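In the order they appear, the protein sequences are chains C and X. The working numbering numbers the first residue of the first sequence as 544 and each following residue consecutively. The working numbering numbers the first residue of the second sequence as 1404 and each following residue consecutively.
Incorrect hints may appear among the rest.
[Stated by the list, open to error] Pair by pair, the computed Cβ-Cβ distance ranges are:
1. X:1449 - C:675: 49 to 59 Å
2. C:676 - X:1417: 17 to 27 Å
3. X:1690 - C:569: 51 to 61 Å
Derived from the structure by calculation, the hints contain no laboratory data. If you're wondering where the values come from, they're calculated on a predicted model, not measured in any experiment. A virtual CB, placed ideally from N, CA and C, is assigned to each residue, including glycine.
These are the residues of each chain, in order.
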Amino acid sequence: MSDNLVIETRDLTKAYGKFMAVKGLNLRIAEGEVFGLLGPNGAGKTTTILMLMGFCEPTAGSVRIMGYDPVREPIRVKSVVGYMPEKIGFYDDMTARENLEYTGRLNGLAGSRLTARINELIDIVGLRDRADQPVGKYSHGMKQRLGIADVMVKQPRIAIFDEPTSGIDPEGTDQVLNLVRTMARQKVTVIISSHQLHHLQKVCTGVGIFSRGRMIASGPVDKLGRDALRKGNYNIVLPIAQLTDRVRSEISRIPGVFSIDSTADSTIVSAEEDISGEIERVVLEATGLKVQMKVEEFELEEIYMKYFEGSGTGI
Amino acid sequence: MNGLLEIFRKELADSFNSKRFIILFVLVYMAGIATIYIAAQNIRAAVGDSTSNIFLNLFIVSGSNMPFSFPLFMSIFIPIIGIALGFDTVNSERTSGNLSRLLAQPIYRDSLINGKFLAGLTMITILIVSVVVIVSGLGLRLIGVPPEAEEILRLFIFVVVSILYGAFWMSLAVLFSVLFRKTSTSALASIAVWMFLFLFMGIIANLIAGAVFPVNQDSTVAQVADYDSLYRMINRISPGTLYAESIQAILVPIMGSSSPTMMMIGIYSGLMPSPLPLSQSLVLVWPQLVGLLALTAVCFAVAYIKFMREEIRST
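Modelling step: build the complete structure from the supplied sequences, incorporating the hints.
Written out as structure tokens, the structure reads:
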């Protein structure tokens, strides 16, 4: 795994006077991941992103973006990393196309290659009809989509989005998230920070939860959920309300199973491992039926609330 | 040089298309043409029997109905041009949300401020050169006396000094655009500095010099000279004074000294001055030119360092 890490920070720290914006952050993001940064305002998400971009210098610790130091080798980092700031702006009196052309030229692109690339991007973000209008006339959602096109002009290996869905309507949000998925499919590593947890859950392969400058948990959403809400155990849900005693005892004999509970319309087996395959086999042998079962999934919202329970820091 | 050329080109194109620049153009052209027209009408009386430097007199003579000569107009308009071209250099990019986006591209951070400064300087150069050329052409048609080679050289130096003076005001405005987040604040601060230097510097210099070397009707020439040199020394803090002294020495070769008081003393004591050769005029203004250049360099350097060390946040 470690050979294709594209982002790695070691004990990354940023202090403003006595205030620690980010403390001892160890972030490891592998190629192709869609990593979500979440946490309340002031938790250090944006500061982390700024340090990844080399926009502010770390007080201590190190950052490596594809092996480069963003402070010492900013040009190398910025030619592979696309960044969409929280409050993105364009030149309002220039058209979307002209804005993208400018970005392209700053990236050393020109001529027919740049034109073709821009046409392609305008199609991808769905701005074909409005591409030759001044950006000043764009809605917030359209500007966000143009922002994604702007990030993609340079064909980045890594794309960083700071709050890309804040303040836009549900339709616009869906469009933005779909575009992020499109990028992920093209093997672009994506970092995305957001308050809107269900948005992150839709697109992220992994998340990091930030609180007061620390990343207090990180990993795939289901693992975080098990850790936070089920003490690391798996709950396997069978859509059968009443198990016969024989099946029940067969299941309880599977190693790792420690409880079987029945609810009104299903049975929940708790175990230390994902034993859904075992259960399926046992039930098949005992009854001759093939049951559909699933491992319990978690809402990021629930996990998040669990972490911030009683800490007094709201979302 | 990553990005410098692209930024320079974009900024230059923007300036040409901006209403701001059209207004400046109209203002400066109108003033230039009006002063030259008045001067051409009054030049016969002013020149008298003298045969040297008749063409240069076009730029010095003023009329009773419009007591402004061309250089005086320039000394008022150049600060306005410099301020207008520089006051929102950095903070407008910041408030519009373009700054983070631009600096996420693979360009050196200083390319942005350098490119914008160079574009502004180019605009100032175009404005001043074109107005001097137009005014000279008009003057030539009006009086029909062609300039001598030395007069052309003197006009050329006048243009260079004027560009330098504009560069100072622009670099001051750029500095304020880095220091202040709001464009209105930076514009106001630049204008405040200009008003202070323009209106109050003379009064303050007079007060201090008068307190140190009081002069009255009974004062000796030595006392008057002491007062005068201190007065001018304090006044020279203002770049406006440096500019006024240099263009006076360049355009009025008959002035042997940059101090009107010393001139008067010279005339009353029977030393009728004769025109200085160009090389001597240059020797006279050399310190002023170096002073202007140094002030410009200091302002720009402070703006540059502040901008380079700044943290780039989008909010």
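How the hints compare with the structure:
Taking the beta carbon of each, residue 1449 of chain X and residue 675 of chain C are about 58 Å apart, inside 49 to 59 Å as hinted. The hinted range of 17 to 27 Å is satisfied by residue 676 of chain C and residue 1417 of chain X, whose Cβ atoms lie roughly 18 Å apart. A hinted range of 51 to 61 Å for the beta carbons of residue 1690 of chain X and residue 569 of chain C is consistent with their spacing of about 59 Å.
Of the numbered hints given earlier, the model fails none.
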